[in-house]
Structure formats: structure tokens, C-alpha cells
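Guided by the hints, dock chains B, C and D onto chain A, whose structure is given.
Number of protein chains: 4
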Amino acid sequence: MKTPTQYVESLRKLNLEIYLLGERVTNPVDHPIIRPSLNSVAMTFQLAQEEEYQSLMTTTSSWSGKTINRFTAIHQSTQDLVNKVKMLRLLGQKTASCFQRCVGMDALNALYSTTFETDQKYKTPYHKRFHEFLRRVQEEDLVVDGAMTDVKGDRSLRPGQQADPDLYLRVVERTKDGIVVRGAKAHQTGMVNSHEVVVMPTMALREEEKEYAISFTVPTDTKGLFFIYGRQSCDTRKLEGSPIDVGNPQYGGHEVLAIFDDVFVPWDRVFLCGETDFVSPLVERFAGYHRQSYGGCKVGVGDVLIGAASLAADYNGTAKASHIADKIIEMIHLNETLYSCGLACSSEGCPTAAGNYEIDMLLANVCKQNVTRFPYEIARLAEDIAGGLMVTMPSEKDLRHERTGPYLQKYFKGIASVPTEHRLRILRLIENLTLGTAAVGYRTESMHGAGPPQAQRIMIRRQADLESKKKLAQNIAGIK
Amino acid sequence: MKTPTQYVESLRKLNLEIYLLGERVTNPVDHPIIRPSLNSVAMTFQLAQEEEYQSLMTTTSSWSGKTINRFTAIHQSTQDLVNKVKMLRLLGQKTASCFQRCVGMDALNALYSTTFETDQKYKTPYHKRFHEFLRRVQEEDLVVDGAMTDVKGDRSLRPGQQADPDLYLRVVERTKDGIVVRGAKAHQTGMVNSHEVVVMPTMALREEEKEYAISFTVPTDTKGLFFIYGRQSCDTRKLEGSPIDVGNPQYGGHEVLAIFDDVFVPWDRVFLCGETDFVSPLVERFAGYHRQSYGGCKVGVGDVLIGAASLAADYNGTAKASHIADKIIEMIHLNETLYSCGLACSSEGCPTAAGNYEIDMLLANVCKQNVTRFPYEIARLAEDIAGGLMVTMPSEKDLRHERTGPYLQKYFKGIASVPTEHRLRILRLIENLTLGTAAVGYRTESMHGAGPPQAQRIMIRRQADLESKKKLAQNIAGIK
Amino acid sequence: MKTPTQYVESLRKLNLEIYLLGERVTNPVDHPIIRPSLNSVAMTFQLAQEEEYQSLMTTTSSWSGKTINRFTAIHQSTQDLVNKVKMLRLLGQKTASCFQRCVGMDALNALYSTTFETDQKYKTPYHKRFHEFLRRVQEEDLVVDGAMTDVKGDRSLRPGQQADPDLYLRVVERTKDGIVVRGAKAHQTGMVNSHEVVVMPTMALREEEKEYAISFTVPTDTKGLFFIYGRQSCDTRKLEGSPIDVGNPQYGGHEVLAIFDDVFVPWDRVFLCGETDFVSPLVERFAGYHRQSYGGCKVGVGDVLIGAASLAADYNGTAKASHIADKIIEMIHLNETLYSCGLACSSEGCPTAAGNYEIDMLLANVCKQNVTRFPYEIARLAEDIAGGLMVTMPSEKDLRHERTGPYLQKYFKGIASVPTEHRLRILRLIENLTLGTAAVGYRTESMHGAGPPQAQRIMIRRQADLESKKKLAQNIAGIK
Amino acid sequence: MKTPTQYVESLRKLNLEIYLLGERVTNPVDHPIIRPSLNSVAMTFQLAQEEEYQSLMTTTSSWSGKTINRFTAIHQSTQDLVNKVKMLRLLGQKTASCFQRCVGMDALNALYSTTFETDQKYKTPYHKRFHEFLRRVQEEDLVVDGAMTDVKGDRSLRPGQQADPDLYLRVVERTKDGIVVRGAKAHQTGMVNSHEVVVMPTMALREEEKEYAISFTVPTDTKGLFFIYGRQSCDTRKLEGSPIDVGNPQYGGHEVLAIFDDVFVPWDRVFLCGETDFVSPLVERFAGYHRQSYGGCKVGVGDVLIGAASLAADYNGTAKASHIADKIIEMIHLNETLYSCGLACSSEGCPTAAGNYEIDMLLANVCKQNVTRFPYEIARLAEDIAGGLMVTMPSEKDLRHERTGPYLQKYFKGIASVPTEHRLRILRLIENLTLGTAAVGYRTESMHGAGPPQAQRIMIRRQADLESKKKLAQNIAGIK
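Those sequence lines, one after another, are chains A, B, C and D. Counted from 1, the first sequence has number 237 at position 238 by numbering that gives the first Met the number 0; the numbering is strictly sequential. Counted from 1, the second sequence has number 303 at position 304 by numbering that gives the first Met the number 0; the numbering is strictly sequential. Counted from 1, the third sequence has number 107 at position 108 by numbering that gives the first Met the number 0; the numbering is strictly sequential. Counted from 1, the fourth sequence has number 237 at position 238 by numbering that gives the first Met the number 0; the numbering is strictly sequential.
Isolated chain A (complex conformation) (with noise of 0.2 angstroms):
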């Protein structure tokens, strides 16, 4: 397994075509926007280091034998799958951001079986192709990034519809050695700090959408392969030198609209082309594993919300007031709920033919569903907790400034035991988390991430059964 560092240098020696407001990016390791994101990755090879954490942060590889992180490892059993959760939400404790290497775990174990199922019925050879990918994704613990969704256009119309044809990424020619492929992948969190990026078509398909229903890797810096940045709110705080207004200055996350502008793919590397029956399995176990993680990445960064809250809370001098009392309480209660959902999905999986372990597909989408909603009212608890401060105090610059700096040290302390800087750095983490940067992961990732709310109520009619239901009841009013 590589060290933090050694996974730091990987990246350094990508040669990576990154935008970032409007120039282009040389170095990208070192840049202050792009670093907290790198920093949140580098944490899951930290944590794999330490002795405290190796239980979750590590496993046997089935084949090698050898140890290694989990973020490169085949589930093997119920159990790994709920160490899975456990260990997203122990590096959501740690970074208070999303980590951004549960996308690449997920694809790996949905492509996992899905090659399995397509070689068996097509004789094809996309499981003994994707072991070999595996087998060196483990061996150099390498970063994967799972791009799935595309940009999509009109949604109303499918991917031949619309009035172009490269709204959804698709296959624009094939060759002996192998294909090209144009389209772009949007929302990919984690690509730049990723040495490779395994592609899987975005939704079902029907038989004649055979150019859309293609799965790949490649390296991130391959040619033709580029990427913009997304911006995030108060993205530029990074810049100012100022840690304290950044809330959270050492962890992010990020997002980019990755371009594949005719990049050629060698037919080793291709892991689905064409056939369109296997899609459908391919997006709902990706989304189910990718479900299934939020149950534990966003409940670490509920517990930091929650740790924040409630300091918040000894800082004003609130804390024994009992209706913040009560707000804490039910900002745990909504976390623990989804860990719940987490932790159910996984111990009720089942293992595929393949014979990976699949999580509960159901319980996977209500953990979801959940995920869409209580992380919005945890994060309105703390905003109600914290106090208008949060969002009208001044910059850091101010603080340090000659003139202001010494009134607003007398006229924002809270408590008297606590520093006011220490309150203010607190309230910043609280922005943070619920208006900055990491709201982006924190909200709209927790919205829309692996589907958004409509995706699993759906997956949830499909999966209830509700004929057996309907036959309980009928057998309770006596309805033959």
C-alpha cells in the first residue's frame, strides 16, 4: 500500500489538461483550490497506516492474499460491506468532506459481477479483463474515479434524441485495436486526484442505443481527456490566506466536467460495448453500492456538524438551554438514523454469482431516500443552534487588522473561558458545512449523489414486492 506521500508523487508525475477559473492549471497537486481535495484522499491512505484503523482501512485481497486498502478490495461477505460503512463514515469524521475514493470502490464491485454475468451469457472476455485492471488497481492502490453520469441534455428525450448525439458519451468508431469514444461525464468528484477513471453508461438502454451502452478505463491523462473544475461556493476563500474564513481549511472535495473528446480506448480496457441487457444491472449496482456509502460518508460529516453545533452551543452559553438540548438530540437521532440505513443495507446483502457481496437493494434506497432529506434538517438544526453570527461576522482579515481587530475580539467572545477566535472558527466550520464548500458535498451531493430522490423511489416500488402485501392484507379482511 503507498503511503500519503507516495500517493501524493503518483499524482505529481500525471501530466493531467485541468481549467480552473478560466486558465488552465499547471500544477495541480500544489494548487490552495485543488489541495483540500487531495488532502481528503491522501486521508484514506493515511488512515490505512495506522494501527488504530487497520481493521476498517484494510483487507486480504481474495486472490493475492496480500493486504490492502479497502477502497480496492472486493467485497467478500456481509461483513465487509458493513466495514464499509463504517469506514466511510470514520473518514467523513476525519475530513468533514467527501474523500472521494468510495466512487472508484463501487465501480469495481458492480463491474465485478456485472463482467461476470455478461461473459456467461455472451462468452465475452470483460471479467478476465477487468481482473487484470483489478489486479493492478490493488497491487499500486491506486485511485479510481467511477464516471457514470452523463450530461444529458433534453431529459425528456432518450440519448438518440437529442440534437446531439454526444449528450450522452457514446462509441464513435471502432477499430482492431480498439474504440473511440466521445461525450462528457458531469458532477465527477474526485477525477483529478485519480489515476484512473473507469466509465459506465448512465442509465438503462434499449437494444438500438448500442453505442451508448459502453464501460472503460483509462488513465486520467490520456489523450483527448480534460477536465473543467467545477466552483463551489466560496471556493475562492482558499486564496485569500485566510484559514479561518475557509471554516474548514485543510479538507474538500471537488467536482469537474470531465471531456472525453474522441479518446481512443484499447480493447483491454474495454469492460462493456454494446451489450445494452447488462446495462441496467451495471447503473443499479453502482448506484446501490454508491447508496449504500452515504449511509456512512455523510453520517461522519453529520458527527462533525453535530461536534460543531454543540460547541457552538458552549461557546454562546446555550448549551443547558433545554431546547437546544433537544435540537442536538434530534440532529444525532436524524445521523444515527441513516448510519442505520447503512449498516441494514449491508448486513442484509447477498452475494452475487460472481460471487461478490451485493448490498440489500431495497434497504440501499431507503438509505438514500433518507440521505436526501435529514442531512437538510441537521443542517438547519445547526444553523438555528449556531446564531446569526455565522454568517455576519467579518473576514479574518479584519480580525487581524489593527483598527477592528481588538473589537472584535471584546465584541464577539462568548463564554468567558473560550477564546473568541475559538468560537469564530467554529461558526466558520458551521458556514462551512452548511453554506461553503463542503455544502456542496454535505447538500446537493447528499440530493443528488448516486441518483437523485425520484431515481430511488423508484428502485423502491420496483423492489417492495407489494403483491405479497396485498395478499397479507387480503388474508387479514378475510378476501379470498
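One or more of the hints may lead you astray.
It does not matter which identical chain is used: a pair holds within one copy or between any two.
[Unchecked claim] The list that follows gives simulated cross-link-like pairs (lysine to aspartate or glutamate, DMTMM-like), each with its CA atoms no further than 25 angstroms apart:
id, residue 1, residue 2
1, K1, E131
2, K396, E239
3, K479, E50
4, K470, D313
5, K469, E51
6, K65, E131
7, K209, D79
8, K319, E329
Worth flagging that the hints you see were computed from the coordinates, not collected in a lab. Here the structure is a predicted model, which means the values were calculated and not measured.
Below, chains B, C and D alone, put in the same frame as chain A:
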């Protein structure tokens, strides 16, 4: 294990003193108001006989190695805890009511570890005595009522401060042979369908409250013990001979006030007597197990209600309306969230000093807290889908009446393919669950059973380790 | 104006055909199940006699200049609309149930403007006829039932597509003297306490559905018209002679199925007949007025429930617990939000072409939409505060029983200063409102009365002028 | 009345001491961060000039009979109160931000009645002084900031118990000519766009806290008074020259910390000084008026957000999906519920002893309590409808960049008929309102402005007359 028939016959032999609607009940087993509740308990015997359900309904006794009903078992693993939840969901599905037997199971498991620990500290003989009792419960497949809730009088006063000291059950005399107890236990579900009643204190006690620190078991037909049957909404419909109006004509639950009017308890039936420091563990464990239980049983009842609402939509011709479909999805979502909580507190369980398994206390309280909310919303949605007819339709007698019957058949017809009577039956079942006898179980018991919402909130706060969350936030915010 | 006694006597003279629990009711006025609902209507006469309430309960007829009961009035101003809401809240407070008379008031006001507009377009004589009827209603202080809801059969089919064309009330014959109608109106509140029934169509109709486009009035004891009484949760407790168990022994509501079995209606009682384009305005106006009504009556019932829950807390000794106080605040908050909606749609009302005042349609629908939600939450909170005893306490007969009475007096005592019986009475009242006969009005009617939630949502969408909101956003965003 | 230009020029003449991002601001009127907030206030002048809006924006002075801007008026009727709410909604729609001027209007109306009553009791000259000030405000069409919220230090301690007595603004010296005050007022919206600041105490005071019982007015450029500008989420985007990224490039709000560093106030500008028993009425009335205000302004902002979300759905091609339509309905429903509360507390207003009109206090608090909840849910639904692109799209600079621009145009295209840029503008506007600068107003200010949620709950409890509700319940339950 007993067959259902053997169980019913064993009850027939008991000579309980029961009052109902102002009269002494002579033959409870055949009383039309009581019998449905007996049928629910009998289902715990019946399903244990059916091969399909044996893995859930039965287990192996840890001492005798014999197959026993899971309701008499001491949990040996987290899998046992998970299986308990699944068993309870199954029984909820089959009875659409409270089947009453879990309260005894939960009492047995709480006493198992608490008597062990009390003996460790005080060299008392409780665990051995309890074990002897347990052996008999398992061998004779007994139904045990767990009696905890005192009547409590003025809630702002401690037990000893009440105008009447009997408002909490207490020891009024100690002799060489045993003790004499006086008091009353309220809201006792399943009591008159039980062979034994295990009594426990109702809340943490102070050292000076020793006479209230008492746990023991007596047969339900013990001298001085008698029962006044609680009336449920719509209870007397069961006397009318109109099964449709009952909604769930075959199954039900009951609650009684159990009065201990100077009941003598021999020493070998006493499991705690004055050791006030073990009251709190006993109460919390029982409550914890019982809060877990609701993540199973209420989910099963919820399945029936979801099925009934879906049928109502089918029969009304509204099943394809998007808002109806969406409400059914929401019902499922909420119901499965409860189930997830029931599963998670089970799979995260851990062994006690005595060796049996306990649920995760935080998550069990989170589970129950959700149970105080979601069934109400599920019920509200069911009422929305059902339509007003559920509460405005005439009686079954009107349906059978020469003059009115044909008009009701004509005008209450829903979709052409379904008999009017089916529609009415389903609506009556929904009424039963949301307003009628079963609403006592599905609503009020969800609220107050195993402690009211505030009791869980206090536990959530205590279990949540807020200090560690504060440290996480300080780390992120850069506060040393 | 009639005195309450005159009103009751006027009803006694009617010869209604009513069936209840499988029997023809011979003397409805004195029937113990029906009488409480009559008492509620009588309250609308009684308060009109009391000086304290005359400004709300009475007004001046716009034609005769005489003082009339407001329930028979045509709204002449927004103040009249506001006063209506206040009158309904008052009556809810005094009866804790549905007092049934507003449905007629709402029908009168809807027909007033609709007949006027129909005549304008079609030169029909409806408004003059209607005015004649209205004059009699005001002079004789009549109670009028407004009958809208058809039984509807298969909701996915139009009236004429049903297997049985009678599932929507329709004209089956037209003669020189009048029309013959056939069909049934469901969920009719107050029908058997009314002198007249005004019939309206149930939904917007297409041109080819002329025979369903019918509005008229007939006396409730008209030939061919008969009623089958709906059963409410706990209805038969009123037959037991145990007033405590009833909860609200004096007041109640009722719903019947009203069957029009080829009823002849003379032309001078017909207010719409085939003008399908005026069905939609008529339905929307009636629904609008009735959705406003709920912002008054349910708030009044809510006041009683809040008072009862507060007393339960007092009697339990929990009134000072912060979580209890907070729940009562929440109940008040929700209740007053409903009231605010009732007031706002009234004060924003506007005159119709006919000169009477109409509520603001958007806000009236918003009002009712909240009514489909908040009473459920208020009820849930009441159940939380009340405690489990509300549904587990024995019957009044047990309280009066020689053997059990003293024990119940002893063990159900709350705080020392309050008689046990008071506590039980309040708990039964809460049961009545949340699960019993009054729950039909407070819960289900709040849901479905004046149309189910989805009906309001459709109106909200239609009334909201989304296009102008889009323009606002475009202006701000700089989109030309 | 001033034109917008005159207003801006009048501000330009002031010499305010303002600090922003660590620097003294030399020309606030033209500062790109401050100017949008000035534009919002200027809108209150502009609309007053437009005929279409004059009935809402202007009224007649009760003394001079001249037409004045409603923001400077004393409410003479409930219609005035209603018109205030409608005016605020209008301004919210036109600015999509906090336009800041209502706080002064609310302060003026609260002081009007309170000074009158203080004089009645203490024969003080406050009302006359205040009247003189008010005359000038009306004649010169001044913008007045109302400053209430002290910084408060340790919330568990009274003002005089704080480690630093200045944490509540207080009188530090009294002279023949006036008083000297010291302290700071936090969260001051609109301060640097105001001509005058009216100071009031922050909470009810005890007799021994006389030096804190102070109300007065000073010009905003008074000696010793200076301002530190609060930073908002995304504030510096206004410095980037990329209007699209700002979302709402033209309008905004601001908050400052206002420091009174031994400011001298001549006696004729003092409106309360030591009469502690009139602090509570003053605070409650100001808070009451301001809680009413939110039932207007936030509704107007909500209209823009609903419009933006609808456009986002149009541009995404999802507008016809039933779940999207339903979410928009829900947004409208919640928004109109807020409006209903704003209207109801206005139309139910009543005259004070001084003759001006006050809102209904219970309903105004209910209004604000809903404002602490519904905007959060409206924002959540907007984020759901918008999709993830709202937070992951690159900067406007990338859109204008030679290499990346064409790809962004291609891949962020929604429906074919709408330019990509329109879609991006609308998403940025939604970001602005839910996460950006305007979220400070739409979320946090909705929560804490005019007092946090708990402040309203205390008032709701106090205003609700629980005892009368208990009597209603006792009457129904037959308890004498």
C-alpha cells in the same frame, strides 16, 4: 414445543380473575373480545410448527440443546437478534396486530444478564433461580408477560413521595418464605393470555427506594392478582356478529390493568429485591430490547397496512394516479426505514458479561424514536389513499338488510371486476388499523410502548458520546 | 330566527327514511347515536340567541334587512368572510365536533354567483328561482345540506363510462313539470338534521355529460330519497349508558349515504340542468368556500384538543416538563397556522359578478391543504402528551363496579388534587378526538372533506401564476 | 419623496467609517460588494415613483397629509398593515434579496406607541421628541436602520453579569446635554445604506439594569460609530467581474457589526432612558412588526426561487414529470402559507393607545415561526429540481475561455430551444438563493431575524390563553 391447540387448552386450565365492561369474565378463552388476542399469541405457536418458518420461529436452547420457540430463547449471537426482528415482522404480517409475546422474551433476556451481574457483586442467588425458571419456560413453552409500567400517580414526584405509596409496586412484607407485594402494573399487553408474569421496576431508583427495587415471577392465576380489561376503540364491534365491521375479525391485542393486591411471592421466584443499583440496567435493557422489537412487529403490521392501502387504490381505480403511487412508495420507504433501524441495532449487538447478546443501545433507541413518528404518517397516508368511505360506510347489518343491501352493493361498487364486499372489507381493515382496535397497537403503542418518545431522547443523548464529536469538530476547525 | 327547541321540533315533524345498524330509525331526533349530532347543529341556533355571540352568529339579510342566522347569509364583504371563519371556530370550540351546517352555507354562496352567471349567458331563470329558495331559507332559518360527492365507482373512468351509469347522480327523465334524478351522494354530513338538501355535481363535466350537470334542492323527506347512516369508530358507545366512555357525550357529527331513487324535482327547484360549462365554477366555488371553512371549524376543535392535552399534562403532573410544554406550543402553533390561512383567504376575498363575496381561491386551497396535515400532527402530539392510559383504561362500568371501582379510583389517580374521574374524562375526550367518533371529523374529514389533498394541489397549481414567477426570476438572472 | 438617484447621492455625502475584508472602505456607494445592497434599498425609492405600485409603496402622512413612502409611515389601519405585507412581497420579488428598509419602519412603529405610553406613565417627553424625528424622516424620505441585537456574550448571564459590561449596549455617562453610549449591535442589515440608526434594547430588562434600558437615534456618520462589514457566502464573486457567477448580479443585502465607541447622543434624540418597564413592550412590538414583515419579504424572494426552479425544470426538460410538478406545487403551497400568516396577523391587527396599529401578536409570532422552517424546505426542493449542476458548473471565466467555452456551450445545453447561458444563469440564481450571498437572507435571516425560533415559541405560549382552552375541554368532558 406446544401446538396452538395445546397452548389454548393450557390457558383454559388457568383460573384468572378478569373484569371486562363491568363484569367478571368466566371463560376468557372463548370470550369474543378476548379471543382474537389469544389467536394472535397462538400464531407464535402455529408458525413454529410450519416448516417454512422454523428457522425464524425456533432455535436451539443453549443448555438443553433442544429445539425451542424463539420467544423463550436467550439470544446467543447478533444473528439471533436479527432473527428476532425478522420473526416479529413475520408475526406482524400474519396477525396485523400486537401478538404480545415479545414482552416476555425481552424481560427474560434483560433479567438473564442483570441477575448475573447482581450476583457477581452481591453474591445473591438470582441468576441460578432465574435459570431454573427459564428452564421451565423453555421446556413447557410458556407464555410470559413482562410487567414493568407502574401507574405512577403524580409524575413530578418520586415513588415514595406520592400521596399513596402503592402507586409504584412495592414490597409490603418480607417473611422467611417470601415477600408480599402491592401495587398495579398498567397497559399490560397479553397478560390474560400468559402463564406467568415477570415483574420489574419501572424506572431507575435511589438507594432509599429499596422497597420498590423488586423483580419476580408469579403464575397469572396467583392469589391476590387480578385484571381489569382495558377497552379499545371499537372493541364491542366484536360482539355484534358482524365480522366485516371488525376489519380484522380474527386477530387482535389487549391491555389490562394488573392489580397485585398483597400477592405472596416465594423467595425462589424473586430475581431482585432491594439492590437499587441494578434497577437501572434492568430497566434500560428491557426497554432496549423492546425498542428493538418495534423495529420488527410494527413493520409487519405496516406491511399489511401498505397492502391494504394498495388494494384500496386498486379497488377505487386510482392505482395508476402518480400521486397515489407516490404515497404508497412513501409508506414503503418509511416502513423499511423502521426495519433498517430494527436490523441495525441487532447486527451491531454485543455480548453481555453473562454471555447473552444485547442490542446496540443507541441504535435501539433511535429505532423506537422513529416508531413514535412514522406509523402515524403511514396511517395518515393510508387514510388519504383509502378515501372518506372508510369512516362513512354503514354497518355490515345494513349490507345484509333487505331494503338497504342492494343499494349498498350498487353504490359502493368500485372497479367493475371486484365485488363491493371486498372493497368494504379492505376499507374496514384500514379503519381497524388507523382508528379501531388495532390503532391502539399501531399508533398509541408505537408512541408509548417501551417508553414514550422523551425516554428515548434521554437515552440517545446519554449514548451519543457528544464529547468525541466535539473533538472531531475542533480538529477540523484547527482548535487546539 | 328559530330557537334551538323550535329547530328540534321542526325536525321532529319531518318523516325521514333512515337506516342505522340494520334497522329503520323511527324517531331520529331521540336516537342516542343521532342525537349528539343534532345537538351540534342546535348549537348554531343557541349561540345566535346569546348576546355575547350575536355579532358573529347573526347578520342582516341583504334583501329583507332582517337579522338572520349567518349560516343562511350571502357574504356581502370580506368582513363577512372573516366573520364566518370566526363563527366556525367558535362552534368548533363549543361542540368539539362537526356541526354540519356550513356545508349548506357554502352551497348557497356558490350557487348564488353561479346561477347569476349562468343566467347571464343562457338567459335561464336559475338565479331568480334560487333567490326565492334562499328567501325561504333565511325567513324560516332552515338547515340546508349541500350534497356534492358522488359515489364515483371506478375513479379512472368518466361518469358515462362506468359499468353502472347511476354511480354519478343524473337526470333520468325530464317532464313538463320537472326532472327525475337517480344516484347517490356519499359522506353526507348533517343530512338527517337538515330540512333541505341542495344537490350539486361532483366535478367538472364535458359537454356530452349533460345529464350529470344538475343542481337542485328538495326537502329531506322527499319521496324516493332515503339515508343509510354511516358507522363511526366507537359509535355504539353512545348506546351503553356510559357517558365517560363516549368522551364527548353531548355533541357529535354524522355521515350518511343519501340515495336518490328516482326522485322527482319540480322545475322551480332546479338551479342548473345541462349547462356543463358552469359546473366547474360551481364545484370550484363550493369547494373553495368549504376549504375556507376548515380554517375555522377544525381550529375550534383543535382548541379543545389542545386544552384537553394541557389538562392531561396537568393531571399527570407533567405540565412543567420542558418537552411537554414544547409540544403544547407546537400544537398551538400548527392550529393558529390553520387559522391564519382561514383568515387570509377571507380577508383577501373579492366580489363576484352577482355581488356576493368569494374567498381568494389560491389561499383557500392552501388553507385546506394544511388542514390535511396539521390536525394529524396535533393529534399525534396529543396522544404523546396523554400517555398510554388513553387507550388502555377500562370501561366506565368497571369504574362503577363494586369490586373493581375502588381499585381504579386508587390506581388511576394522577396528581393528588384532582379526582381520578376528571383524569379519565379528559383522556376519553382525547381518545374521542383522535380515535373515536370525533376522529372521523377531526382526521378523516380534515383529509377528504371538500376534496382530498390532491384536489387542492391541482387548484394550487392552476391558481399560482407560475409564468409571472418565471419572469421575476428571468429579470433577476439577467435573461431577456 | 426622493428619487433613487437622490437617495444614492444623499448617501454619497455621508462619511461613514466602514471596514470590509481588512480595509477601510473609502467610497461605499460604488464598492462592488456593497453596491448591490444599496440597489435593493434604492428599489424602495424607485417603485414609489412608478404609478403601478404607488398604492402599495406610498401612503399619506397622518400629520402633514403629504404623500410619503410607506417605509416612513405609521400604520393607521389594518389595511395599512396588510399593505405593508404586500409591499414587502413586491420588493422581495423585484430584488430577490433583503432590501433592508423594513427594520427602520418597524422600529418607528414600535417606538411610536411605546414612547406614548412611557410618557403617559412617567410624564417624559419621548413621544414629542420622537414625533419630531419622525417628521423629519417622512419629509426627507430617510432610510432608518433599527438596531436591536446586542452581541450578548455569554447567553446564560444577564447583561450586568457579563465579564465585560459592554456586551450589551449601555449608557456610560449622562450629562446635561445628553448621554454617552458604549456597546455594539450585531447583524445590522442595511446600516451602511441608512441615514439614521434607531437603537433599542435587545430584551426585557430588570429594574437594576437601567443603564441598558436605552433607545435613541443618531446619524450613521456620527462620531464614535463605525462598522465592520460581515462577509457573506460567495461575497467576493462580486469582485470577479463575472456577473453570471454572482447569480443575482444587481441586488443583495448586507450585515455589519455596528460599534458604538462612546457615542454622544443629545437628549432630544433619546426616546427611552432607564424606564425598564417599557423595554419589554418596545422589544415585543418591534419583534412583532418584524415577524410580520417576514410574511411578506421572504414570500417575495420565495416567488423568485419558485420561478427559477420552474425555469430550471423547463430548461432541463423535466417540467412535465409528475414528481417535478408536485415539488413546485409544494413550494408554492409553503410560500403561500407564509403569506397567509403575514396577512392574517395584519388583518387581525388592532389600535394601540397612541392610535397607530399593531399586528396580532400571537399570529405574528406564528408567522415568523413558519418562516424559520418553510424557506429551508422550499430551498431543499429547489435544489432537488435544479440538479447537481447548480454546484458543479465551472466559472463564467471558463465559459468565456477559448479552449473550454465551446465545450461548456455544447455539453451544458439543456432543451434545444434555450441558450446554454440561460440555463447556467438560472442555476446560478438558485445557488445564490440557497447557498450564496442571498442564502444569508433567505435561510439564516429567516431563522434568526427578529429573533430565533425559540423566541417565537415563548411568545406563542404567552399569547395563547391556554386556560381558556382548558375550560373548553372541561365543558365538553363534563368536568365542573
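Need the list of violated hint numbers for this structure, in ascending order. Result: hint 7 breaks, nothing else.
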